[in-house]
Amino acid sequence: MPKFTRPNSLTDNHNHYCPGCTHGIIHRLIAEIMDEMDIQGETIGVCPVGCAVLAYDYFKCDMIQASHGRAPAVATGVKRAKPENLVFTYQGDGDLAAIGTAEIVHAAARGENITTIFVNNAIYGMTGGQMAPTTMPGQKTQTSPSGRDTALEGFPIRVCEMLATLDGVALAERVSVHDAKHVNATKKAIRKAFEIQKNKKGFSIIEILSTCPTNWGLTPNKAVDWLKSDLIPYYPLGVYQERSVR
Amino acid sequence: MSKTLMKGNEALAEAAIRAGCKCYFGYPITPQNEIGAYMSERIRKNGGVFLQAESEIGAINMVYGCSATGTRCMTSSSSPGVSLKAEGISYLAGADLPCVIVNVQRGGPGLGTIQPSQADYWQTTRAMGHGDLRLPVLAPYSVQEMVDMTAEAFKIAEEFRTPVMLLADGLLGQMMEPVSFNEIGGENKDDGQSSPNWAASGHKNKREKNIITSLFLDPIELETAINERFERFEELRAKYTRSESTNTDDADIIVTAYGSTARVIQSAMEMAREEGIKVGTFRPITLSPFPEKALKEATKSAKKVLVVEMSMGQMVDDVKSALEYKLPVEFFGRQGGFVPGPQEILEVIRRMK
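Line by line, the protein sequences give chains A and B.
For what it's worth, our numbering labels the leading residue of the first sequence as 428, then goes sequentially.
For what it's worth, our numbering labels the leading residue of the second sequence as 85, then goes sequentially.
Since the hints were derived computationally from the structure, they do not count as laboratory data.
The structure displayed is predicted, hence computed values, not measured ones.
Just so you know, even glycine gets a beta-carbon here, dropped at the ideal spot from N, CA and C.
Errors might be hidden in some of the hints.
[Unchecked claim] Derived DEER-like restraints, expressed as beta-carbon distance ranges: (1) T592(A) with R128(B): 25 to 31 Å; (2) P193(B) with D606(A): 54 to 60 Å; (3) G215(B) with A536(A): 40 to 46 Å; (4) F582(A) with P193(B): 32 to 38 Å; (5) S86(B) with E511(A): 35 to 41 Å.
[As the list claims (entries may be wrong)] Here are some chain B residues the structure puts well away from chain A; computed CB gaps all over 10 Å: (6) L135; (7) E138; (8) E171; (9) L195; (10) N289; (11) K323; (12) D333; (13) E431.
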């Protein structure tokens, strides 16, 4: 049986994520793939404003911290200057689907040859649990204390479905990390996205359904249950776009 | 020395390419569109990158990413667009990233007008973004200076790891004059990919990772970073503060203006001298750092100072402060896209005599 060790591409810093949060799993998957593809030295990561703002402390590749929502524009600047490097953004749902909507849509439309890791936990984590663009109808948050009222606050955004309509998108896939089977599937999806980038096929986004027990007000186990019972039916897992040739 | 007749905006773009600018990111806005149009063809032919962003916000963040890799890059815009870039400029300053930002000013506030203006002086010299920051600002007054200062702006940006603003206006951007590129041609022989030791360009397993960030949650770290940045600005002040004085030795009245308005006060001075009024002129070339010592020197014999701007009077604050409020300072300005004429400035000078 293989020994369970820290991937070389992760630092041994203690991370700041809450107990039961799945950011740690996702960080690990990216680091494992960097190791397996032997690309740590050529990878440049762009981290967002939000819970993953300090991701630069955890990955061993070169890292750039972007302003809120602008990671796809920052990554565009990186990639255009250094087309041979592997460039990924790591963004949450407030960052990507609210303040950064223009940047993600246009990076995708341009077929920018970058990969976006989109961590969707249906809430603003870092700022204390406000309603996000992906907050579920009826979901209670700090700024929707009676539950998201779609008559007042509109409807959640399905990012993969929306971006899949754009011709520049090579891969748009939604996955989840709520159990071992899905963690493995998520790793495969991220690896596929990185391969697509290496083969210069265009923009790739992996949306990962993630838990936020702290701001959901649930225990880690209950949070996993809620992800399965409520998030997945609204945000079905699957491949929404995959173009092998552009 | 061969000269070419060129529009200010196009000359600036050509100068940037010759100064080794590798990537240009922009968004259309009048009156600076010739820069993007020129870049879309020429910088690409030169092996560089032109990209029309989804917004000025997108463009300045592309500059942030590009500069983070150690690649020489720039963006350009006009007043409302520069407001949109403000957040990104603050991040660039906070992460110590070199780049050149051009503002071909138009009238405001709001959508204002596409005509020339100098109403962004406060924004440019005081508040290019949130937080404690001071950025160097160069103010050309001819198409030739659009060329020369573009090259110099890249040099300063890289020497001091800072965004540098080139503050022009619609008049300079749109007018044509003969220019020479001899001064910068071939000076930057590198490919704009200097890969300095701080850049996030992929560590190739040969060095520790680099992190580009403006986030310092530890108060000591943030205070240290800000202090160090302001010390660098003082070095920059000592080395690069620039101005130009004309006929100041015997002058009773010093007229001061920057940018295209500085050309008009030259004519007004000549007209006043013909009438026997002893007028000199003072032109700040760097608006930040402001040439305080040189202004004091230029006004040694003066009894009064007149500031002329295409605004309601913004540089006038710096002039008064530099003179320690010891000399009477008057102001004449036009707004809305009007360029002050020599005759109306002469009339103000006659009244001040």
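Status of each hint after checking the structure:
1. Here the CB-CB span from T592(A) to R128(B) is close to 29 Å, well matched to the stated 25 to 31 Å.
2. Judged by the Cβ atoms, the range 54 to 60 Å given for P193(B) and D606(A) holds: they are separated by roughly 56 Å.
3. For the hinted restraint 40 to 46 Å between G215(B) and A536(A), the CB-CB distance of approximately 32 Å leaves it violated.
4. Restraint check, F582(A) to P193(B): a C-beta distance of roughly 36 Å satisfies the suggested window 32 to 38 Å.
5. The given range of 35 to 41 Å is respected by S86(B) and E511(A), whose C-beta atoms sit roughly 39 Å from each other.
6. Under the 10 Å C-beta cut-off, the non-interface status given to L135(B) relative to chain A is violated; the minimum distance is some 6 Å.
7. At the 10 Å boundary, the C-beta of E138(B) falls inside the reach of chain A, the nearest C-beta of that chain being 4 Å off.
8. Consistency note on E171(B): stated as away from chain A, yet its beta-carbon is not over 10 Å from all of that chain's, at 6 Å minimum.
9. Here L195(B) stays apart from chain A, with its beta-carbon at least about 20 Å from theirs, past the 10 Å limit.
10. Listed as a non-interface residue, N289(B) fails to keep its Cβ farther than 10 Å from every Cβ of chain A; the least gap is roughly 4 Å.
11. Non-interface status of K323(B) relative to chain A is upheld: no Cβ of that chain comes within 10 Å, the nearest being about 28 Å off.
12. Every C-beta of chain A lies more than 10 Å from that of D333(B), the closest at about 50 Å, which supports listing it as non-interface.
13. E431(B), annotated as away from the interface, keeps every beta carbon of chain A farther than 10 Å; the closest lies near 49 Å.
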